[in-house]
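Colleague: The chain contents come next:
Number of protein chains: 2
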Amino acid sequence: MEYQGALHGVRVLDLTRVLAGPFCTMMLADMGAEVIKIEVPKKGDDSRQFGPFVNGESSYYMNLNRNKKGITLNLKGRGKEIFLEMVKKADIVVENYRPGTMEKLGLGYEDLKKVNPRLIYGCVSGFGHYGPYKDRPGYDIIGQAMSGLMSTTGWPGGEPTRTGTAMADVLAGLSVTIGILAALRYRDVTGIGQKVDVALVDSAVASLEIINQIYLVEGRIPQRIGNRYESTYPYDSFRAKDGSLVIGAANDKLWQKVCELMGDPDLAFRPEFDKNYKRVQNHEEVKKLVEAWTMTKTVDELVDALLAAGVPAAPINTIDKVVNDPHIAGAREMFIEIDHPKAGRMKIAGTHIKMSDTKPCVRTPAPLLGQHNDEVYRDLLGLSADEIAALKEQEII
Amino acid sequence: MEYQGALHGVRVLDLTRVLAGPFCTMMLADMGAEVIKIEVPKKGDDSRQFGPFVNGESSYYMNLNRNKKGITLNLKGRGKEIFLEMVKKADIVVENYRPGTMEKLGLGYEDLKKVNPRLIYGCVSGFGHYGPYKDRPGYDIIGQAMSGLMSTTGWPGGEPTRTGTAMADVLAGLSVTIGILAALRYRDVTGIGQKVDVALVDSAVASLEIINQIYLVEGRIPQRIGNRYESTYPYDSFRAKDGSLVIGAANDKLWQKVCELMGDPDLAFRPEFDKNYKRVQNHEEVKKLVEAWTMTKTVDELVDALLAAGVPAAPINTIDKVVNDPHIAGAREMFIEIDHPKAGRMKIAGTHIKMSDTKPCVRTPAPLLGQHNDEVYRDLLGLSADEIAALKEQEII
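Residue numbers (numbering that gives the first Met the number 0), protein chains in the order written: chain Y, 0 to 396; chain C, 0 to 396.
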């Protein structure tokens, strides 16, 4: 029997490439939607050329495009007509072109709405589909820079720092998924579709909202403060013998427990450290004292002792630790094995949204370029084998 | 007429505190759901004590809790019965307690399902509701550290670095919202509710998926590489006369345009720089050459010239620039003014999910503690004024 996910029966036409858009449609597919990824004939999604490669296949692509069907289609001429036929049978279209691209093809939301007013149109772009900067190119680094995220990440005296992943892309991919699903609910109730417009920059700005309040209320420009937080201490990273860990002693009681573990319970009550606000003021001194202790032990020893005493703590994991962690990779299934027809058996990311009744899961590997052309053009549009062969011949698909 | 959002008619009981959970229910409320925030009598959400403050009111709280109704309720004894009555009339419950807390109260998902099998139960926690680490405390910094995010953020030779916002909280808040909305679709179709379990750690791991592939495929542990990316150069930050900017010259053609702007078009074709992979190898030298040019001009001059030449570029904005930007704050309405009964007129974050037909918006300021007790207990549960007064008297609400 076919797997039934939460979004079973929802059909998505997926024009997205690279990261932000494919991350959205990956989540929709993991949750059971039928996602038909439409790629440029011969070439496909740019990310098919991005490493690392397994037997010549891009793991970047294979990770983000599992559970999707793959077809090829040139969106001009006869291909445009074919696309519009598919739109009539779809619930959702998602694209992450530069704003205006779909309009130039005659396939903007207003065009698609005419053939299917129930359609939900989700789009991700650097700056969004309206506003003075809408035509600017928008990559992840642009989103991280423009939004203020980089300006608040890093160390005092150091340079603005980007997050070590394409975070603006990820935030936008998550956010457009939310908008699409809310629009789906509205469409189910009212029969009316709509456009959901999400920008990398807006999404990164939204992630900063507490930081923004510091400026909005106090007029103070938030600075880079390393790994500590503005309001509590010691809630920071500390070096150990063999790496680093974080300790989250967010209140006086937890601080007292840290001092007990350090073998100096009286330290907690010294007048310059006894209240949280004083520790925030004297954070440099507190860090030195705590680090004098942590530097004498291993990360594992420290984390075990702190957790046993009820103090929030964790190792600062490198990726090899994460990928092999019994909780993360084991129980939470954040890395899973699939079989790919060319790459063979490989590990990709699992899904991080755990649902008790309709468990999101990986059912099929990412498609080869045009792998589902015959199936989709036959079953969805009713084209004959001869017609499909002619489309291939003319390089329309 | 009352505003109709995409989620109009959806009722949410919101037990969340501080950031990850409230960020989820904020988005649901912005999109039109009726969110009833349930707080501990007398004390309320911890974040009511978090600065910055406006006339004694927390802007942290006011930002994340706009559009919500606020009631107080002690979840033990008679309060538990009252909560279960409300669950019968709700579509969604969201909580971000440590796993097991709701079960101890007799209000875990299995308990709530008995009184309302259609209910969707969303929960956010540090490590999720199952797995060996489920009982560990999980703050944002724990999520950023455990997931590998910190290990890949920062500078070569420098320390692992956290993102300048509570990114693990934000990612989890976005992710649980996706799961809840997918579950809502499934519930609408089948009548069956379910539990959506999202962990800070899992959410941060999911944000790293391309980075994880570097280890999974190549066995290489991804390092901190500052602001450049692994696969393309110059795609990095550069210092200018008066600040820093980012340039995203992701291919040979864009690199040639940068060299033209630098007044040295031949540089683009020098054998050590003519192909992208060579520039990645020689990124230190390329950075020096480009920075020798950028250091002679202002950020604005550089960004204008680069954009005019079609090269992706942006200033690394500080928060004051973001909050006053004509695109971000203006056209995209990422900062909006509201009137709060105590704080007065103030600016909070707008919503970053732009929907054409049911525009998410801020209709009401965050509630004062217990502000909607009378309204909710009367209209939703049909309690009399005397009954409500007695509940207050007994400190149940």
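No lab work stands behind these hints: they were computed from the structure. One thing to keep in mind: the hints can contain errors.
Identical chains blur together in the list; that is why a pair holds if it fits in one copy or across any two.
[Stated by the list, open to error] Calculated pairs, DSBU-like style, for lysine-lysine (alpha carbon to alpha carbon, straight line, at most 35 Å):
| hint | residue 1 | residue 2 |
| --- | --- | --- |
| 1 | 274 | 75 |
| 2 | 113 | 296 |
| 3 | 274 | 341 |
| 4 | 240 | 75 |
| 5 | 42 | 274 |
| 6 | 240 | 103 |
| 7 | 240 | 341 |
| 8 | 256 | 358 |
| 9 | 274 | 113 |
| 10 | 256 | 341 |
| 11 | 287 | 87 |
| 12 | 341 | 296 |
| 13 | 274 | 358 |
| 14 | 79 | 320 |
| 15 | 252 | 287 |
| 16 | 277 | 133 |
| 17 | 358 | 88 |
| 18 | 112 | 358 |
| 19 | 87 | 358 |
| 20 | 296 | 256 |
| 21 | 391 | 252 |
| 22 | 358 | 75 |
| 23 | 88 | 296 |
| 24 | 287 | 391 |
| 25 | 42 | 277 |
| 26 | 112 | 256 |
| 27 | 391 | 341 |
| 28 | 240 | 79 |
As the structure is a prediction and not an experimental result, all values here were calculated from the model.
Colleague: One pair to classify: residue 240 and residue 79, alpha carbons no more than 35 Å apart. Within, between, both, or neither?
Modeller: Cα proximity of residue 240 and residue 79: none, with 62 Å in one copy and 49 Å across.
Colleague: Should residue 112 paired with residue 358 be assigned to within, between, both, or neither, using CA atoms and 35 Å as the limit?
Modeller: Both. Shortest intra-copy (32 Å) and inter-copy (18 Å) distances satisfy the 35 Å Cα cut-off.
Colleague: Given a CA cutoff of 35 Å, do residue 274 and residue 113 count as a within-copy pair, a between-copy pair, both, or neither?
Modeller: neither (64 Å within a copy, 45 Å between copies)
Colleague: Which holds for residue 256 with residue 358 at a C-alpha limit of 35 Å: within a copy, between copies, both or neither?
Modeller: Answer is neither: 40 Å inside a copy and 49 Å across each miss the 35 Å cutoff.
Colleague: Pop the pair residue 287 and residue 87 into one bin, within, between, both or neither, using alpha-carbon distances up to 35 Å.
Modeller: Answer is neither; intra-copy 65 Å and inter-copy 53 Å both fail.
Colleague: Within a copy, between copies, both or neither: which one fits residue 296 and residue 256 at a CA-CA cutoff of 35 Å?
Modeller: within (17 Å within a copy, 53 Å between copies)
Colleague: Can you give me the call for residue 391 and residue 252, within, between, both or neither, at a CA distance of at most 35 Å?
Modeller: Answer is between; shortest inter-copy Cα gap is 31 Å, intra-copy 70 Å.
Colleague: For residue 277 vs residue 133, is the C-alpha pair at or below 35 Å within one copy, between two copies, both, or neither?
Modeller: between (46 Å within a copy, 32 Å between copies)
Colleague: Using 35 Å as the alpha carbon limit, work out where residue 256 and residue 341 are close: within a copy, between copies, both or neither.
Modeller: neither (54 Å within a copy, 38 Å between copies)
Colleague: Could you place residue 240 and residue 341 in one of the four classes (within, between, both, neither) given a Cα distance threshold of 35 Å?
Modeller: neither (44 Å within a copy, 51 Å between copies)
Colleague: For residue 240 vs residue 103, is the C-alpha pair at or below 35 Å within one copy, between two copies, both, or neither?
Modeller: neither (59 Å within a copy, 39 Å between copies)
Colleague: 35 Å Cα cut-off: does residue 42 pair with residue 277 within a copy, between copies, both or neither?
Modeller: between (60 Å within a copy, 24 Å between copies)
Figure legend: structure checked against the earlier numbered hints; hints not met, in rising order: 2, 4, 6, 7, 8, 9, 10, 11, 12, 13, 14, 23, 24, 26, 28.
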